[in-house]
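Put the two chains together into one complex, using the hints given.
Residue numbers (this note's numbering), protein chains in the order written: chain A, 1141 to 1460; chain B, 3 to 340.
The set of hints was computed from the structure by calculation and includes no laboratory data.
Predicted model only: the values in this text are computed from it and were never measured.
C-beta: ideal position from N, C-alpha, C; glycine also.
The following label-pair restraints were derived from C-beta to C-beta distances:
1. B/T121 <-> A/R1429: 23 to 29 Å
2. B/H241 <-> A/Q1269: 31 to 37 Å
3. B/L333 <-> A/V1262: 14 to 20 Å
4. A/T1167 <-> B/F332: 56 to 62 Å
5. B/W67 <-> A/D1301: 27 to 33 Å
Residues on chain A that point at chain B, a partial pick, calculated with CB under 8 Å:
6. I1270
7. L1276
8. P1279
9. L1280
10. L1283
11. M1284
12. I1292
13. T1294
14. F1295
15. Y1298
16. I1434
17. V1442
18. A1446
19. L1449
20. L1452
21. L1453
Just a sample of chain A residues kept apart from chain B, beta carbon distances all over 10 Å, derived:
22. Q1304
23. L1334
24. H1360
25. W1409
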Amino acid sequence: MVRFAAAIAVVLMLALVSLFIGVSDVTPMTLFEQGPEGQALQILLISRIPRTVALVLSGVAMAVAGTIMQMLARNRFVEPSTAGTVESASLGILVVTIFAPGMPLIGKMLVASAFALAGTAVFLRILRQIPLRSVLMVPLAGLMLGGVISSITTFFAYRYDLLQTLGAWTLGDFSGVLRGRYELLWLSAALTGLAYVFADRFTAAGLGEDFSANLGLNYHRVMRLGISIVAMVTAVVVVTVGAIPFLGLVVPNLVSMAMGDNMRRSIPWVAAGGAGCVLACDIIGRVIRFPYEIPIGTIFGVLGSAVFLYLLLSRRSRYG
Amino acid sequence: MAEDTVTTRVRALLPGSGPRLAPLGPRAVIAILAVLAVLAIIGFMTIGAQGSWSFILPFRGAKVWSMVLVGYAIALSTVMFQTATANRILTPSIMGFDTLYALIQTTFVFFLGGLSYATFDPQLRFVLETGAMVGFALLLFRWLFSGAVRSLHLLVLAGIVLGVFFRSLSGLMQRLIDPNEFAVLQDALFASFNTVDGTLLAVSSAAVLVASVVALRLFPSLDVLSLGREQAINLGVDHKRLVTTVLGIVAVLVSVSTALVGPVTFLGLLVSNLAYMVIRSHRHAYVVPAAALIAIICLVGGQVILERVFGFNSALSIIIDFLGGIMFLFLLLRSSKR
Chain A
1141 MVRFAAAIAV VLMLALVSLF IGVSDVTPMT LFEQGPEGQA LQILLISRIP RTVALVLSGV
1201 AMAVAGTIMQ MLARNRFVEP STAGTVESAS LGILVVTIFA PGMPLIGKML VASAFALAGT
1261 AVFLRILRQI PLRSVLMVPL AGLMLGGVIS SITTFFAYRY DLLQTLGAWT LGDFSGVLRG
1321 RYELLWLSAA LTGLAYVFAD RFTAAGLGED FSANLGLNYH RVMRLGISIV AMVTAVVVVT
1381 VGAIPFLGLV VPNLVSMAMG DNMRRSIPWV AAGGAGCVLA CDIIGRVIRF PYEIPIGTIF
1441 GVLGSAVFLY LLLSRRSRYG
Chain B
3 MAEDTVTTRV RALLPGSGPR LAPLGPRAVI AILAVLAVLA IIGFMTIGAQ GSWSFILPFR
63 GAKVWSMVLV GYAIALSTVM FQTATANRIL TPSIMGFDTL YALIQTTFVF FLGGLSYATF
123 DPQLRFVLET GAMVGFALLL FRWLFSGAVR SLHLLVLAGI VLGVFFRSLS GLMQRLIDPN
183 EFAVLQDALF ASFNTVDGTL LAVSSAAVLV ASVVALRLFP SLDVLSLGRE QAINLGVDHK
243 RLVTTVLGIV AVLVSVSTAL VGPVTFLGLL VSNLAYMVIR SHRHAYVVPA AALIAIICLV
303 GGQVILERVF GFNSALSIII DFLGGIMFLF LLLRSSKR
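Okay, chain B solo, but in the shape it has when bound (with noise of 0.2 Å):
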């Protein structure tokens, strides 16, 4: 840590190399983050409160929480998926984890019926097609990326695809299921950021937590998978098997956070590339941190903004779609001109 900070000053002061102002070392970045990150939260339970704090409080807690929680799910599962795979383009919501997820759920409506299903323990029903999708995500993206040639632009182009895909096919299944039915599902099927369920984060938060310990215990290995497969394996890594267990744990992290909130798709790609380039360091402990800490600046920060300020409703995810879309573009071109 201690060169890294050093060459990156002293390339900094040499003229036309490097950004202008002296960058600042990941620790002190990721403290500015977070003291951020906490104004963004203070704002949220204050701004415009009326009555009751014994209410303000609880109701809009779980609502932090839930924005917490998945924007720290997105930001870890994106950037261990991206060093598991080599770039900094895909990220599982753009490969189709996300309507994966979506597609899991409305499979079990469709075969279990409505009434059953919205009678269902959430907390039983959350386990189980938390485990289904790992199955199937290690399955369809094992194949996937098994492949000895592995062309990004294909990766990325089936993965969109494959989205499409799975949205149409939950589509269809739902347009197959009862209409009354159906109704009853809506709520449990699109989440927002304004219904957050109860029982459902304590759950989410459970899981969270078992997926970062494992998660964490496997940062020096990424580290060292950052620099390329071959190195990675000269090295002793045990490729495979470590990218089995990430794609594992990314499978994890994206159901907890389609379950609470649904599909946001570019959050992952704009808050780990952000993270990238204000932490100028390939550690995984520095730069998860950071791409957590600006995941919760962003849904937190940005609701404030859109909900207190200019009185929109659930625009957010709209407008991070629309930043997003543009990064992506903007990372595309910029990877085919090298």
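So here's chain A without its partners, still in its complex pose (with noise of 0.2 Å):
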């Protein structure tokens, strides 16, 4: 309980500088000084704070969509960008954008989840083709498919001319967020916390149908219940910021490294761990090229594959 007070507490020193860091003068003494009607808290209001809380809500939200993941496909590589749900979503919001370009942006939400879903449910019948459930075979198929459904996307993108639209929400970004642009995050937040209610249920599905079965639970509603939080997650994600590549593999692999696998104790670590290492790579890519911003999802793209290398060859042995 000490230990995840002082992960609570270093959280939110990182939101607390994500708030202050940036090219206009905000600080607490520029704040004080200027009053209530200030600049300085003006751009704290519109700017900053829904900045940092759009962070923290998609940090959060994305790492625990991961830990769902892994429960339900019972692998520990297994995340939105590993199993196509990603580029689903964004092949949703081409879609949206070809033919429906007015649509508010709920409704493109909605549309994207939908194609999340339907991605994710095409790799789970893929999964159901490999018999021995290689460990490693999934998500290499998953990333292949992946590779498959962006290829059509690039596709359409290039035909009628959306390339550069399609890099938008291909990489995640928090430049872009303002007060009044951010909002729908919070119906992740819900998400999230409706996937904590359920988390014993999907550890029990995670063990498999027959046990399921045994213990009294409706297998295929908790898998339909999980799939369809963890696509809605990406999709709000990827509508709002844009992909964060690794993060729902990465956050819960450190934190069973650290805390071993017991879902309901190590949620809140993985809650804490993926909105610590957002905020802190985006205070990154704000500071490293100051005054310009480099994106979030170039930044944590460098990291994310990195620690996932290291996961992979320091198990070789293991899954060699």
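Shown next, in the form of structure tokens:
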């Protein structure tokens, strides 16, 4: 409990740092001096606080979504970006952009969720073709499925001159977050809470269809619920800030290396870790080339794939 | 060779085994592929040509030559790589060779600065970059392939993630470069079949020629190596040295193709597996030419169809990625069922 409090304190510290970084002069001092009508307070309310809240919400949501997927697929290396979910959501957004460009954000999000759900269902269907459930086959098949889906997306984006727009939602970037443009992320917070409530059932379902039937659990209903949560969370995050690759893989794996696999106990840690990682990477991206910003997708792409590689190769004896 | 065709013909005649049609011998297959490749090249040079031939021929000729060179380099490097690593799913591009080269290019820009990079002699730059590429590729992949227990799936997954890592790292470095300097460099970094650099074409042709001469002398040892590591060592092949040489040649060939047209991830996988399907022989002297011809047909023929018939310009690599990705999934699922 003391350790968890310390982790929360670190996340809060990072959030505080994140609030006071930027080109405009916003510090506790200027806030105090300019008073309630000042420019600093306006910037804080319109830009800085929304951004920090968005960072925390999407970090928590993606990390927990990764954990759920890993339990349901019974594989440590599965997460929305290694299962075709992110790519399907992007395809959905592209379809909306081409056929109904005026649709409000919530509509976009729902279409993207439907696509993400369909893509994940295809992935699970392919998984059933893998008889031995080879640990490494699963993410491989998912990455390839994602590649195939994203080449379809790229093709149509290319035909309709939308390649640049496509780049915006395939690369996570929080620099465009302002008041009024991130509130959809609260929905992902609600979904994450729902996931926490059902955590035990996901653990049971992860043990297999027969086992969960023995426990009196409707396996297919739990699976559907879990995958719907993951698909909607992914769609919300991709629609509002773009994809953050490997976040849902790195954080749960690091937590389970430190904490073991007790789901109820580790979900708060996964949530704190996700928020902390995203905050830290965003701060790095804002500081490293000041006053320009580097999107978090780029920063986390480097860190996330490096940690993923480490996880793979350091366990090579176990999976080899 | 003679026994090969006889046995496959006999097997084809037996009910329930092998395909229904009597397969052609490897030489006949290669001849057919060569005719198709020549047709594709003629089509590319002539279809839709308007204006003076003295302009069209050199202009389109340079493009065709670059496609032929790239197709050949990718085919040769993929087949050799697959023999050296004893599998038919891994290719240099899937293992992140292409993105490593792109990363080296970006690193050069990063440390030299944009202007001095742009004014640097392109041939010398290519030689330096290729040298660095060979060094790093040898270090990295010798280490990766040296494990006693080599799980194929681990290697593929590690390779893919390595590719993502290299790509993100170059992305990060490109963002760190001054935006104005970056604009100067975009052409050098993002090559395509439509922008071919003449000076680069000459030096890469020379590099491919040297690599081919070395590779050709390795073909007999590679035939032995395809029997498996233990058998090959038993038969007197210096396994470690052979694999190192192969990785070095592959690094040179990948540098050439990536420098000319940028990463084409799945072309190698597509053409090598098609070549294994149509050539029922393990001899590299047959498989490599077939794979190279198929690559040329895919690139040149695909470009003719897309550009002249449908009017799409640079969508070829997207389509290759789509087909290659599906093929990869198929190969992966089939390999796991065994």
